[in-house]
Structures are given as structure tokens and as C-alpha cells.
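Engineer: Sequence:
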Amino acid sequence: MKDANLSQEEQTFLAQMIVHHDMAVKMSRKMLLSVESHDIESLCYSIIQNQVNEIALMEQMLRYA
Numbered sequence: 080m081k082d083a084n085l086s087q088e089e090q091t092f093l094a095q096m097i098v099h100h101d102m103a104v105k106m107s108r109k110m111l112l113s114v115e116s117h118d119i120e121s122l123c124y125s126i127i128q129n130q131v132n133e134i135a136l137m138e139q140m141l142r143y144a
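The sequence shown runs contiguously to residue 144 in the working numbering.
Hints were generated in silico from the structure; no laboratory data involved.
If you're wondering where the values come from, they're calculated on a predicted model, not measured in any experiment.
Possibly wrong hints are sitting among the right ones.
[To be verified] No more than 20 Å apart at the CA atoms, straight line, and that leaves these computed lysine to aspartate or glutamate pairs for EDC-like:
no.	residue 1	residue 2
1	K105	E120
2	K109	E120
3	K105	E89
[Said to hold, decoys possible] Derived CB-CB ranges, DEER-like:
no.	residue 1	residue 2	range
4	A144	D101	30 to 36 Å
5	Y143	M102	33 to 39 Å
6	A135	K109	42 to 48 Å
7	T91	S121	17 to 23 Å
8	N132	Q87	21 to 27 Å
9	L136	Q87	28 to 34 Å
We put the beta carbon where it would ideally sit given N, CA and C, even for glycine.
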């Protein structure tokens, strides 16, 4: 990683954002079980794709902190 020297505050931020993103992914997956609106369905898939990728990035940043 380019900047692996993270402060404790930055590490805490990443850890909390991982939890936040994980909840958004779980909520989106649950919504897909009963969604009726095509717009909401598209939004759920977008949230899942984007936030899973962001979780992976944040986890990588924490590994190198």
C-alpha cells in the first residue's frame, strides 16, 4: 500500500466503516428477497458490488497499517 502509516483514529475509522458497509450489504441482500421496484433492485445490486469492493480495500489498508 502507498500509505501504510495509519493513525489509531484512522484505523478505528476503517474498522467502523467496514461494519457500516457490511450492514448495508446485508440489508441489500435481504431487500433483494422481496423487492418489487426495479430501481430499488438496481440500487441494491450497486450497493452490494461497490461496498464489497470498498470493504476489501479497507481490510487491505488495515492489514498494512
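Engineer: Of the numbered hints stated previously, which ones are contradicted by the structure, given in increasing order?
Structural biologist: 3, 4, 5, 6, 7, 9
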